[in-house]
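Peer 1: Letter by letter, the chains look like this.
Number of protein chains: 2
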Amino acid sequence: MSKKAMVYIQSGGPTSVINTSLYGAIREGQKHPEISKIYGSLNGIDGLLNDNLIDLGAEDDETIELFKQTPGAVLGTTRHKLPKDLHHEEYSRIIETLKKHDIGYVFVNGGNDSMDTCYKLSLLAKELNLDIKVMGVPKTVDNDLAETDHSNGFGSAAKYVINTIREIIADAQSYKNYKAYIIEIMGRNAGWLTAAVDLLPEEARPDLIYLPENKFDVEKFVANVDKIYAKKGNCIVAISEGIEFERDESNVKIDSFGHKQLGGAASDLGKLITSRLGIAVRAIELSLPQRAYSFLTSKVDSDEACICGAEAVRHAVEGMTGHMIAIKRVSDKPYAVKYEPVDISKIANVERKVPISMMKDDSHMDPSFRAYCEPLIQGELAVTMENGIIKTAVLKKVRV
Amino acid sequence: MSKKAMVYIQSGGPTSVINTSLYGAIREGQKHPEISKIYGSLNGIDGLLNDNLIDLGAEDDETIELFKQTPGAVLGTTRHKLPKDLHHEEYSRIIETLKKHDIGYVFVNGGNDSMDTCYKLSLLAKELNLDIKVMGVPKTVDNDLAETDHSNGFGSAAKYVINTIREIIADAQSYKNYKAYIIEIMGRNAGWLTAAVDLLPEEARPDLIYLPENKFDVEKFVANVDKIYAKKGNCIVAISEGIEFERDESNVKIDSFGHKQLGGAASDLGKLITSRLGIAVRAIELSLPQRAYSFLTSKVDSDEACICGAEAVRHAVEGMTGHMIAIKRVSDKPYAVKYEPVDISKIANVERKVPISMMKDDSHMDPSFRAYCEPLIQGELAVTMENGIIKTAVLKKVRV
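Taken in sequence, the protein lines are chains A and B.
Counting with our numbering, you get residues 333 to 732 for the letters of the first sequence.
Counting with our numbering, you get residues 333 to 732 for the letters of the second sequence.
Think of the hints as simulated: they come from the structure by calculation, not from any bench.
Backbone N, C-alpha and C fix where the C-beta goes; we use that ideal spot for every residue, glycine too.
Just to be clear, a hint being listed does not mean it is correct.
[To be verified] Pairs of lysine-lysine, DSBU-like flavour, derived with a Cα cap of 30 angstroms:
hint	chain 1	residue 1	chain 2	residue 2
1	B	K363	B	K416
2	B	K508	A	K729
3	B	K431	B	K458
4	B	K458	B	K413
5	A	K563	B	K723
6	B	K363	A	K413
7	A	K511	B	K723
8	A	K729	B	K511
[Stated by the list, open to error] Computed footprint of chain B on chain A, listed as stretches where at least three residues anywhere in the stretch have a Cβ under 8 angstroms from a Cβ of chain B:
hint	stretch
9	408 to 415
10	488 to 496
11	507 to 513
12	617 to 629
13	721 to 727
Isolated chain A, as found in the complex (with noise of 0.2 angstroms):
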């Protein structure tokens, strides 16, 4: 049996499990002979390009067990993205960092665009013919993942918006005072982020809710509001940071995936509202703390989080390579899953978005909707304090 060592790789934005992942990945790489040495790439691809790995096995247990309630991405993180080209001169960085080191399983977490990586990485093994197995493990709060599901980290982020929303209504509902909310929840291209607050109870749920899958209707949206503003005396609306409508360019930027850098679509509708109809607004941004805040991880997207980083581990050493380990879904009630590889060929680079069919209106989603997102929110992960501060893992981060 040849020995070779495994490393991984964390992509794209952090998320309140994306180092349970890797806490799976490395109990799992613990287990098989197989595997010599388990090494983490720091700033994803990064630290394969620059040959900046560090030693996992010489991290202590407890810092591996904190893993489960650290915030932000433990071996660092990166939004590069490969050249098409795999002739180009950053394959041959890649390449002399994995043959230095040995390495003969690759493993990515990440969302689509952290798919094409994984999917160039096992492209370039195969052309090479290098003893290199590359597995991806998903990873997205947009949950725009294709071919699973559901993503690891949607469950967790999408128990946070309900429970925050849940608390800014209440707030909200505490004056009389006339005012309208508008609050901007992540979400690029697919709105689930957003939809997830239709699982808050009637009395305390946004009346409003519009996701970049609906084309945004500026001139209904206001009549919306003023409609129920009128009734109620307030309105509370959801929106996607990524729904279409004419704004302010100069709040837009771009990251280095090409993609658009979203956010300020609150304060521009708050904007607008106030303009045209003469509405008071508290524009609210979810930001950052609703992709990977650890005090609202679900249970169930912690386990499964853990399995799928396992299982990649798993399926690598068994020989496969060029797959993502996908969550298939047995059934809703009781709510039951299967982990499946998948070609990562059909996931890279693919958007999955909210479908038509979960749709109702601009105030509700079908109750298929529900039926698909109530179990991954279930179960709470206890949380270890010290002196009122959450306890979080400090690597040693050894240099290899």
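Knowing the structure of chain A, use the given hints to seat chain B on it.
Peer 2: Just chain B now, kept in the frame of chain A:
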């Protein structure tokens, strides 16, 4: 023994423990045969002005237990300020309601503006020789009430701010991307909440901390960001919403107490940094969730809020009026407090700011601040969830 009803008023912004003080007051009220009925005034003083009271005795025991984890202000609140002239018709309406329901005890839970309401009601009772005891219960996340070591609600808000910024910093540290982060925290004139971030460990804390107590020097701020960014490749700044600098006045609104409603400072400073230094900035407003989040309630804060509510009732039944229950610290280590009524005239409309002795420089507080603040964020409150969503009290609100 003459029996009289009590009425409880929630006033000003919600906190994580605003309903916990109400809980304490109800439980104490139930112990005293002198109290015939326990009423809640809907939407603060508005309930007395418009005879909108509910019978809290009609609520289920389970509902009242849930007050301790229910977000928002369960009775509703207001920012209405009573007129100076005690002969104003508003007072006639209040007296009418008090007499109609045979009310002998009035409790006002709020901050320094609300203690003005409390003060005026106590003066009114005295001037008209009414047998009505009026007592204050401290409450403000701003922690700016005079004559008390700290205010109910501050510890939990501080705990939220500290832990949420810990999350944001972990997210920021996951990237090599060069960026500055400006995080805006509540605090109109007092920077207690912003100062709380000083409790974070050195490796995961904001680089710069700006309180409204210090004159904000824009040039020094820009120079500081420039220096830190050049050294670290990023810069994380925590600011109080109330810091003053020349800014877009179109963002500023005035509330009914005559205070500026703030917000947007981080965004304005971000634009300044980008234009002056060419650095990408992510502006994050912690916004409404910071003041009343149920998931990071400090156990110390919760317990104290409950006791303050109860103590106000106990003293009123013993004949006291015109006082607020103040928390007096006996020692830092071990943390110990006692509860003492303080003449409300010393508290109404007075703002207690962070003392200069607790400040050090633009990056750190004096160690005396940690000794002061750390005990207030200790302990966690277990939250009951239902299907992944916080379980909250739903009141019957039986009108009387």
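Peer 1: Decide, hint by hint, whether the structure agrees.
Peer 2: Hint by hint, here is what the structure shows:
| no. | hint | verdict |
| --- | --- | --- |
| 1 | B/K363 <-> B/K416 | violated (36 angstroms) |
| 2 | B/K508 <-> A/K729 | holds (16 angstroms) |
| 3 | B/K431 <-> B/K458 | holds (15 angstroms) |
| 4 | B/K458 <-> B/K413 | holds (20 angstroms) |
| 5 | A/K563 <-> B/K723 | holds (27 angstroms) |
| 6 | B/K363 <-> A/K413 | violated (67 angstroms) |
| 7 | A/K511 <-> B/K723 | holds (26 angstroms) |
| 8 | A/K729 <-> B/K511 | holds (23 angstroms) |
| 9 | 408 to 415 | holds (count 4) |
| 10 | 488 to 496 | holds (count 4) |
| 11 | 507 to 513 | holds (count 3) |
| 12 | 617 to 629 | holds (count 10) |
| 13 | 721 to 727 | holds (count 4) |
Taken one by one, the earlier hints fail for this structure at numbers 1 and 6, listed in ascending order.
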